[in-house]
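A.B. asks: The chain contents come next:
Protein chains: 2
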Amino acid sequence: MPTSSIRYVAVEEYIAKIKQEVKARPEVEETPINSLTGRILAEDITSQTNLPPHAKSLIDGYAVKSEDTTDATDSHPAKLKIMGKIKLEKQPNIEVKNTEACYIPTGGFMPKGADSAVKVEDVMVSDDDLVTLSAPVQAGEHVTPAGRDVSKDQVVFRRGRKVRSEDIALLTALEIWSIKVVKRPRVAILSVGDELTDRIEATGEKKFAGISLAIASLVTEAGGEPVLMGVVPDDEAAIRGKIREGLDSAEALLTIGGTSKGPKDLVANAIDRSGSPGLILHGIDIVPGRVSGLGVVDGKPIVMMPGLIQSTVVAFYFIALPAIRQICGLNPEPIFKQVQVPIADDVTLRTPTTFRKLLFVKLVNRGGGTAAQPLSKLGEASLMKPVADADGFIVLPARVTSISRGEYVTVNLLHT
Amino acid sequence: MPTSSIRYVAVEEYIAKIKQEVKARPEVEETPINSLTGRILAEDITSQTNLPPHAKSLIDGYAVKSEDTTDATDSHPAKLKIMGKIKLEKQPNIEVKNTEACYIPTGGFMPKGADSAVKVEDVMVSDDDLVTLSAPVQAGEHVTPAGRDVSKDQVVFRRGRKVRSEDIALLTALEIWSIKVVKRPRVAILSVGDELTDRIEATGEKKFAGISLAIASLVTEAGGEPVLMGVVPDDEAAIRGKIREGLDSAEALLTIGGTSKGPKDLVANAIDRSGSPGLILHGIDIVPGRVSGLGVVDGKPIVMMPGLIQSTVVAFYFIALPAIRQICGLNPEPIFKQVQVPIADDVTLRTPTTFRKLLFVKLVNRGGGTAAQPLSKLGEASLMKPVADADGFIVLPARVTSISRGEYVTVNLLHT
Numbered sequence: 007m008p009t010s011s012i013r014y015v016a017v018e019e020y021i022a023k024i025k026q027e028v029k030a031r032p033e034v035e036e037t038p039i040n041s042l043t044g045r046i047l048a049e050d051i052t053s054q055t056n057l058p059p060h061a062k063s064l065i066d067g068y069a070v071k072s073e074d075t076t077d078a079t080d081s082h083p084a085k086l087k088i089m090g091k092i093k094l095e096k097q098p099n100i101e102v103k104n105t106e107a108c109y110i111p112t113g114g115f116m117p118k119g120a121d122s123a124v125k126v127e128d129v130m131v132s133d134d135d136l137v138t139l140s141a142p143v144q145a146g147e148h149v150t151p152a153g154r155d156v157s158k159d160q161v162v163f164r165r166g167r168k169v170r171s172e173d174i175a176l177l178t179a180l181e182i183w184s185i186k187v188v189k190r191p192r193v194a195i196l197s198v199g200d201e202l203t204d205r206i207e208a209t210g211e212k213k214f215a216g217i218s219l220a221i222a223s224l225v226t227e228a229g230g231e232p233v234l235m236g237v238v239p240d241d242e243a244a245i246r247g248k249i250r251e252g253l254d255s256a257e258a259l260l261t262i263g264g265t266s267k268g269p270k271d272l273v274a275n276a277i278d279r280s281g282s283p284g285l286i287l288h289g290i291d292i293v294p295g296r297v298s299g300l301g302v303v304d305g306k307p308i309v310m311m312p313g314l315i316q317s318t319v320v321a322f323y324f325i326a327l328p329a330i331r332q333i334c335g336l337n338p339e340p341i342f343k344q345v346q347v348p349i350a351d352d353v354t355l356r357t358p359t360t361f362r363k364l365l366f367v368k369l370v371n372r373g374g375g376t377a378a379q380p381l382s383k384l385g386e387a388s389l390m391k392p393v394a395d396a397d398g399f400i401v402l403p404a405r406v407t408s409i410s411r412g413e414y415v416t417v418n419l420l421h422t
Numbered sequence: 007m008p009t010s011s012i013r014y015v016a017v018e019e020y021i022a023k024i025k026q027e028v029k030a031r032p033e034v035e036e037t038p039i040n041s042l043t044g045r046i047l048a049e050d051i052t053s054q055t056n057l058p059p060h061a062k063s064l065i066d067g068y069a070v071k072s073e074d075t076t077d078a079t080d081s082h083p084a085k086l087k088i089m090g091k092i093k094l095e096k097q098p099n100i101e102v103k104n105t106e107a108c109y110i111p112t113g114g115f116m117p118k119g120a121d122s123a124v125k126v127e128d129v130m131v132s133d134d135d136l137v138t139l140s141a142p143v144q145a146g147e148h149v150t151p152a153g154r155d156v157s158k159d160q161v162v163f164r165r166g167r168k169v170r171s172e173d174i175a176l177l178t179a180l181e182i183w184s185i186k187v188v189k190r191p192r193v194a195i196l197s198v199g200d201e202l203t204d205r206i207e208a209t210g211e212k213k214f215a216g217i218s219l220a221i222a223s224l225v226t227e228a229g230g231e232p233v234l235m236g237v238v239p240d241d242e243a244a245i246r247g248k249i250r251e252g253l254d255s256a257e258a259l260l261t262i263g264g265t266s267k268g269p270k271d272l273v274a275n276a277i278d279r280s281g282s283p284g285l286i287l288h289g290i291d292i293v294p295g296r297v298s299g300l301g302v303v304d305g306k307p308i309v310m311m312p313g314l315i316q317s318t319v320v321a322f323y324f325i326a327l328p329a330i331r332q333i334c335g336l337n338p339e340p341i342f343k344q345v346q347v348p349i350a351d352d353v354t355l356r357t358p359t360t361f362r363k364l365l366f367v368k369l370v371n372r373g374g375g376t377a378a379q380p381l382s383k384l385g386e387a388s389l390m391k392p393v394a395d396a397d398g399f400i401v402l403p404a405r406v407t408s409i410s411r412g413e414y415v416t417v418n419l420l421h422t
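Those protein sequence lines, which keep their order, are chains G and Y.
Here the first sequence is numbered in my numbering, starting from 7 and rising by one per residue.
Here the second sequence is numbered in my numbering, starting from 7 and rising by one per residue.
Some hints could be false.
Since the list gives no way to pick one copy over another, a pair counts as held whenever it fits inside one copy or between any two copies.
Unchecked claim - No farther apart than 25 Å at their CA atoms in a straight line, the calculated lysine-lysine pairs in the DSS-like style are these:
1. K383 x K343
2. K270 x K125
3. K343 x K368
4. K343 x K168
5. K212 x K267
6. K93 x K212
7. K103 x K118
8. K87 x K270
If you are wondering where the hints come from, they were derived from the structure by calculation, not from laboratory data.
All chains, full assembly: derive it from the sequences and hints.
C.D. replies: Right, dumping it as structure tokens:
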């Protein structure tokens, strides 16, 4: 494409191009249950069994036939003979017959014949092993039926899910001991700019390219393996060399900086001359981040992220993250959890723009409820503190220039 | 304390006892910037400098004195002589005088004398290095003042913060290359129950103690280092032996199961006979989880968590997590991010109780907005799928028995 012109297209166009042009290379690896947290499932998890496998008691007490208790009152109690005792996790092969009761602990599997359970504190037990009930028990009372938690053949977790700590308990209950997860694709990260250095503890004239470390950590969270390629100066041939190196050693390349249209913005040309199809899109209709772009070479994505932190992370959320998900064989559409909350302050923009505007917000307590406190202002994409403090972001449509305090906004939650 | 009686106290009483009885052992370790994500800061981070250190241009264009442009119009434009060029990150030692302009890139430090910047696309530049402006520029326009992002001596991050990916960029900008973080305290995890085994791929009579793996992962998320102690049968002497082993090898011990008052619930007694002060609290006024408890021996906490998954995680959130934070020298009060959303379904409890009731919920889209879908029901604390599916939980006050669809509830967000 002609690299001289920037066309500010919707994020949907990026997603469409990512689906079309970026090759899915979904490599998987079998991973044991105890190192699954944070990994991304490469397969749907389908239950082979009912959970619980049999009906279970919800209480410590006695398993009974409810029909034996229908007429029980204080003056005419039901008296049932204790015929046995259920042990936890043992599948009982005993059967409760009429006028019988069986001791059962919380979580014990119900014996045959019994359809309900009565709490130990709701009965009297006499020395001759008789249980006395002075009120009826409903059929099914205090019993969980087989399959109540998960039924056989149910899809428990979908491909693409990021495994959370709590999932592990359920997986072990289903006797799943290892799972195919998406192998972390290697994602190269290249900082571009004469003013930058990759030497930590740099002082003086050059600034350490610290945004690359934040992006590396976001790549890890996204299920990728970051490969830090350091810094390249504003020199097109040098940038092309690094792009080639990145494409040779990784499944994706993210560049940071040099994406605008000044004399030093050489990344677009460098990408376009690095192979086919080259630069595909340059510009997105959201600020900060509008001079982001996307190239593809040999099916591998090159995401051009601007160098000011707020722009960089916006490009990461809307372009890099979808591209990484596409490589992993997952749906690249961006999905943020959303909540509607009142905004805590007036927001006023100086002039209407045709861009959508993204503002970082923090969830704060106002008058007993949660509100969204705007942290960032348009035109200040270099401010880092708002990004660190944000619980999420809101997006104002094109041409909207103000929101009044108390108006409801939709917050896209980060880190959930 | 007498171990025979359970007293259902408020979570605040647990927090108070944790503050009183659990010894803070805040060990720290210096950690480099590139492995900070997820670690917990052991110190406040105070900025030694202004960020940006000097006023900066927000645009590509020219730094000017706004007073030179006050009367500029189409017919009477201001003409300024280009006297130099700012390079990124170099602190300029040039000064813009009246009728002069200086080329400046986005992010460049402002030269002395100039108080504003004008966009390259808003001016004409002639071959004789004259910049022509046909409208005035406001003082401060397109300029970020020094310290706008972070000011010198500002506390940027507080002790106790869990470092997020985005923080790293800000820390490097402040030239902070390593930080003291809380050393992960060792947290032993012991499963109790004749029905359990710690042999993965167990089949047949015994059930794998899978909840311990979920809790181990939650301990890691909380900043601790889990130590899996396996399974001990329902035998008080054996439990006491394991408690001793756990206290010898870890800073805290979490037990799972055997916390109720049945004949096999021996953990309370075992804790009370393991040292001084022994069992401190048994019972909490929230369900699921009401038979949780807390013991302390030699300043180390022993958290008694019930064995049904929903009860276990509730005990983890409200007792274990505060205890771990106390050990780390942090404020143990539980803090969940909260949002108010309508509930997606009616909730009806059969009978009023004096307990607060915790229900797991999922954030779902209803009619264009986010609502909280209840996933769990009281009395079904063994169901695992609601815990895995939950985005958060709501807490119903004592005696409340119903919420109508559409009513606003406060959701405590998990994993944020």
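A.B. asks: Against each hint, give a clear statement of whether it holds in the structure.
C.D. replies: Hints, verified against the model:
no.: 1; hint: K383 x K343; verdict: both (23 Å within a copy, 24 Å between copies)
no.: 2; hint: K270 x K125; verdict: between (77 Å within a copy, 16 Å between copies)
no.: 3; hint: K343 x K368; verdict: both (15 Å within a copy, 10 Å between copies)
no.: 4; hint: K343 x K168; verdict: both (14 Å within a copy, 21 Å between copies)
no.: 5; hint: K212 x K267; verdict: within (22 Å within a copy, 67 Å between copies)
no.: 6; hint: K93 x K212; verdict: between (71 Å within a copy, 11 Å between copies)
no.: 7; hint: K103 x K118; verdict: within (9 Å within a copy, 97 Å between copies)
no.: 8; hint: K87 x K270; verdict: between (90 Å within a copy, 23 Å between copies)
When held up to the earlier numbered hints, the structure conflicts with none and fits them all.
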